[in-house]
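One line per chain: the protein sequences are A, B, C and D, in this order.
Residues in the first sequence are numbered from 281 upward in steps of one, following the numbering used here.
Residues in the second sequence are numbered from 281 upward in steps of one, following the numbering used here.
Residues in the third sequence are numbered from 281 upward in steps of one, following the numbering used here.
Residues in the fourth sequence are numbered from 281 upward in steps of one, following the numbering used here.
Keep in mind the hints are simulated off the structure, nothing from the lab.
Check each hint, because a few of them may be wrong.
In this list, chains with the same sequence are indistinguishable; a pair is considered to hold if it fits within one copy or across any two.
Cross-link-like lysine to aspartate or glutamate pairs, in silico, DMTMM-like; alpha carbons within 20 Å at most [stated by the list, open to error]:
1. 373 x 420
2. 302 x 329
3. 301 x 402
4. 297 x 427
5. 322 x 424
6. 297 x 330
7. 302 x 406
8. 421 x 402
9. 301 x 329
One letter stands for each residue in the lines below.
There are 4 protein chains.
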Amino acid sequence: MTKHAGQEPPVPEEDLKRFFKKDVFCNYVGIELKEVFDGRAKAELEIREEHLNGIRIVHGGVIYTLADLAFAAAANSKGRVAVAANASVSFLKSPKGHRLIAEAWEVSSSRTLASYTVHVSDETGELLAVVQGLAYRRPEKIVEVFDRA
Amino acid sequence: MTKHAGQEPPVPEEDLKRFFKKDVFCNYVGIELKEVFDGRAKAELEIREEHLNGIRIVHGGVIYTLADLAFAAAANSKGRVAVAANASVSFLKSPKGHRLIAEAWEVSSSRTLASYTVHVSDETGELLAVVQGLAYRRPEKIVEVFDRA
Amino acid sequence: MTKHAGQEPPVPEEDLKRFFKKDVFCNYVGIELKEVFDGRAKAELEIREEHLNGIRIVHGGVIYTLADLAFAAAANSKGRVAVAANASVSFLKSPKGHRLIAEAWEVSSSRTLASYTVHVSDETGELLAVVQGLAYRRPEKIVEVFDRA
Amino acid sequence: MTKHAGQEPPVPEEDLKRFFKKDVFCNYVGIELKEVFDGRAKAELEIREEHLNGIRIVHGGVIYTLADLAFAAAANSKGRVAVAANASVSFLKSPKGHRLIAEAWEVSSSRTLASYTVHVSDETGELLAVVQGLAYRRPEKIVEVFDRA
Numbered sequence: 281m282t283k284h285a286g287q288e289p290p291v292p293e294e295d296l297k298r299f300f301k302k303d304v305f306c307n308y309v310g311i312e313l314k315e316v317f318d319g320r321a322k323a324e325l326e327i328r329e330e331h332l333n334g335i336r337i338v339h340g341g342v343i344y345t346l347a348d349l350a351f352a353a354a355a356n357s358k359g360r361v362a363v364a365a366n367a368s369v370s371f372l373k374s375p376k377g378h379r380l381i382a383e384a385w386e387v388s389s390s391r392t393l394a395s396y397t398v399h400v401s402d403e404t405g406e407l408l409a410v411v412q413g414l415a416y417r418r419p420e421k422i423v424e425v426f427d428r429a
Numbered sequence: 281m282t283k284h285a286g287q288e289p290p291v292p293e294e295d296l297k298r299f300f301k302k303d304v305f306c307n308y309v310g311i312e313l314k315e316v317f318d319g320r321a322k323a324e325l326e327i328r329e330e331h332l333n334g335i336r337i338v339h340g341g342v343i344y345t346l347a348d349l350a351f352a353a354a355a356n357s358k359g360r361v362a363v364a365a366n367a368s369v370s371f372l373k374s375p376k377g378h379r380l381i382a383e384a385w386e387v388s389s390s391r392t393l394a395s396y397t398v399h400v401s402d403e404t405g406e407l408l409a410v411v412q413g414l415a416y417r418r419p420e421k422i423v424e425v426f427d428r429a
Numbered sequence: 281m282t283k284h285a286g287q288e289p290p291v292p293e294e295d296l297k298r299f300f301k302k303d304v305f306c307n308y309v310g311i312e313l314k315e316v317f318d319g320r321a322k323a324e325l326e327i328r329e330e331h332l333n334g335i336r337i338v339h340g341g342v343i344y345t346l347a348d349l350a351f352a353a354a355a356n357s358k359g360r361v362a363v364a365a366n367a368s369v370s371f372l373k374s375p376k377g378h379r380l381i382a383e384a385w386e387v388s389s390s391r392t393l394a395s396y397t398v399h400v401s402d403e404t405g406e407l408l409a410v411v412q413g414l415a416y417r418r419p420e421k422i423v424e425v426f427d428r429a
Numbered sequence: 281m282t283k284h285a286g287q288e289p290p291v292p293e294e295d296l297k298r299f300f301k302k303d304v305f306c307n308y309v310g311i312e313l314k315e316v317f318d319g320r321a322k323a324e325l326e327i328r329e330e331h332l333n334g335i336r337i338v339h340g341g342v343i344y345t346l347a348d349l350a351f352a353a354a355a356n357s358k359g360r361v362a363v364a365a366n367a368s369v370s371f372l373k374s375p376k377g378h379r380l381i382a383e384a385w386e387v388s389s390s391r392t393l394a395s396y397t398v399h400v401s402d403e404t405g406e407l408l409a410v411v412q413g414l415a416y417r418r419p420e421k422i423v424e425v426f427d428r429a
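Can you build the whole structure from these sequences, using the hints too?
Right, dumping it as C-alpha cells:
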C-alpha cells in the first residue's frame with residue numbers, strides 16, 4: 281500500500297483476526313473485526329441498548345472504540361507492532377440505522393510513524409464520524425507479541 | 281469560569297449527576313461521575329478484566345470513554361446543551377495502577393463553541409492520556425433535555 | 281458531493297478564486313489557490329528560503345497554512361460561510377521536492393458542521409502531512425461576505 | 281517538569297533562543313521567542329497587515345505558526361531533539377487586541393513521546409486558540425543539531 285509495506289511480509293488475515301479475538305473490551309462491547317489485510321481493516325457492531333448514552337443515542341465512546349479497533353487492526357497488519365499515539369475524532373451525525381461499520385485505511389507509513397483514516401458509518405451509508413489516527417511503530421514483530429499475549 | 285458562564289445559572293450538581301446516571305454505556309463499562317460543577321467534572325473507573333485489550337493493557341476505547349464522560353459532563357454543566365464536535369486524544373503511557381481518573385475543565389467558551397481539556401491518570405498520579413475536546417452549543421437548555429430523556 | 285451540497289447553488293470557481301486572492305497572509309507566504317469547486321480545493325506553493333525553519337526544512341507553519349487555505353476554500357465553496365473550528369495535523373515526512381500541493385475534499389456536511397480531509401504532498405507525490413478539518417457553518421451566504429470584504 | 285526532565289541537563293535559555301533565531305519562516309512572519317526553559321516557552325507577534333486573511337481577521341496559519349514555535353521550543357528545551365508528530369488546533373475566538381501571545385508547556389514526557397498544550401491569546405487576555413501537540417523524541421541531542429544547522 282505504501283513504500284514501507286514491503287519491509288515485512290504482511291501478516292495473514294486469519295492470524296490477525298485470531299489475535300484481535302483476544303481483545304476483551306471489544307468482545308464485551310460486541311465489536312467484531314470483519315476484514316483486515318495489508319493496512320486496511322473493517323469492524324462492525326450491532327447497536328444494542330447498552331451502547332446508548334443518557335439521551336438515547338449511541339455513545340461517543342462506542343463510536344470511538346469501534347474506530348479504534350479498525351485503526352489498531354490496520355496499523356498492526358503490516359508485520360511490525362504499532363501503537364496509537366494520537367487520534368482525532370470528528371462527530372458528524374447520529375446513526376439512523378441499526379449497525380455501525382468502521383473502515384480504516386493507511387494513508388502514509390514511515391519507519392516510525394504511520395497515519396490512518398477511519399470512517400464510521402451506519403448501514404444506510406450515512407457517515408457518522410471521521411477519525412485521523414497516528415500510530416507509532418515499535419521494533420518488535422507482531423507475531424512475537426501474538427505469541428506472548 | 282469564563283465570561284459566558286454567567287449567561288445561565290449553573291445546573292445543580294445533583295441534577296447533573298442524576299442525569300448522567302442514565303448514561304447506559306458508561307454504566308455498562310463501570311464508569312462513575314464523581315464531581316461536576318460549572319465547567320469542571322471528574323469521572324472514575326476501577327480497572328477490570330473486561331477493560332483490557334488483546335495485549336492485556338487497558339483498551340484505548342475505555343480511556344476515551346472515561347474522558348468522554350468527563351468532557352460531556354463539564355460541557356453540559358453550564359445550562360445549555362453541548363454536544364461533542366471533535367476530540368483529539370494523545371495516548372502517553374499505560375496505566376500501572378488499578379483505577380483510572382479523568383478530570384475535565386473548560387478552557388474557553390463562546391456562544392456556539394467551547395473547549396475542554398481532559399487529563400486521564402491512574403491513582404499513582406501518572407498521566408496516561410490528554411484529550412482536547414471541542415463542543416458545539418445548541419440553543420436548548422439542559423434541563424429541558426433532562427426532562428425528555 | 282454530499283446531500284447538503286444542493287441546498288445552495290455552488291459558488292462559481294472564478295468568484296471563489298477572486299475572493300481568496302484577497303487573503304493577505306497567503307499572498308505574503310506565496311500560496312496560490314489553483315482549483316476550488318463544490319467542496320474540493322487545491323492550493324500550491326513553490327518552496328523558497330523564507331519557508332524554512334531552523335534546521336533548513338519546510339516549517340510546519342507553512343505546511344499548515346497551505347492546508348488551511350485548501351480547507352477554507354473547500355469549506356466555503358458551497359454557498360454558506362464556514363469557519364474552521366478544529367484542525368488536526370499529522371506531520372509524516374519532510375519534503376524532498378521543490379513544490380508543495382494541498383488537496384482538500386469534503387467528507388461530510390450537515391447544517392452546522394462539515395468535515396474535510398487535506399493531503400499535503402510534494403511534486404514527487406510523497407505525502408507529507410494529513411489534516412482533518414472541522415468547519416462550523418454560519419447562516420450568512422458567502423457572496424454577502426465577499427461583497428463586504 | 282516531568283520525571284524524564286532530568287535525563288539530560290536542560291539546555292540554557294540563551295542557547296535555545298539563539299538556535300530559534302535561525303527559524304527563517306518565523307522571522308519572515310515576525311514571530312519572536314520570548315522565553316524558553318525546561319519544557320515551557322512563550323512566543324509573541326505584533327499583528328500587521330500581512331497577517332490578515334480575506335475577511336480582514338488574523339489568518340489561522342499565523343495563529344498556528346505562532347503556536348508551533350512555542351511548541352517546538354518547549355519540546356526541544358530538554359536536551360533531546362523532538363519533532364512535531366501531531367497538532368490539534370481549536371479556533372475559539374478572533375483577536376480583539378494588537379498582539380498575539382502563545383504559551384506552551386509540557387504536560388507529559390516519556391522516552392519517545394511528549395505532549396504539550398499551547399494557549400494563544402491576545403494582549404487583552406482573551407483565549408483565541410488551544411493547541412494540543414504531540415512530539416516524537418529522536419535519539420540525537422539538541423546541541424549536536426544546533427551545531428550542524
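These are the hints, each one checked on the structure:
no.: 1; hint: 373 x 420; in the structure: between (38 Å within a copy, 18 Å between copies)
no.: 2; hint: 302 x 329; in the structure: between (24 Å within a copy, 12 Å between copies)
no.: 3; hint: 301 x 402; in the structure: neither (23 Å within a copy, 27 Å between copies)
no.: 4; hint: 297 x 427; in the structure: within (14 Å within a copy, 44 Å between copies)
no.: 5; hint: 322 x 424; in the structure: neither (24 Å within a copy, 38 Å between copies)
no.: 6; hint: 297 x 330; in the structure: between (25 Å within a copy, 19 Å between copies)
no.: 7; hint: 302 x 406; in the structure: neither (30 Å within a copy, 27 Å between copies)
no.: 8; hint: 421 x 402; in the structure: neither (34 Å within a copy, 29 Å between copies)
no.: 9; hint: 301 x 329; in the structure: between (23 Å within a copy, 15 Å between copies)
The structure does not agree with the numbered hints 3, 5, 7, 8 stated previously, though it agrees with the rest.
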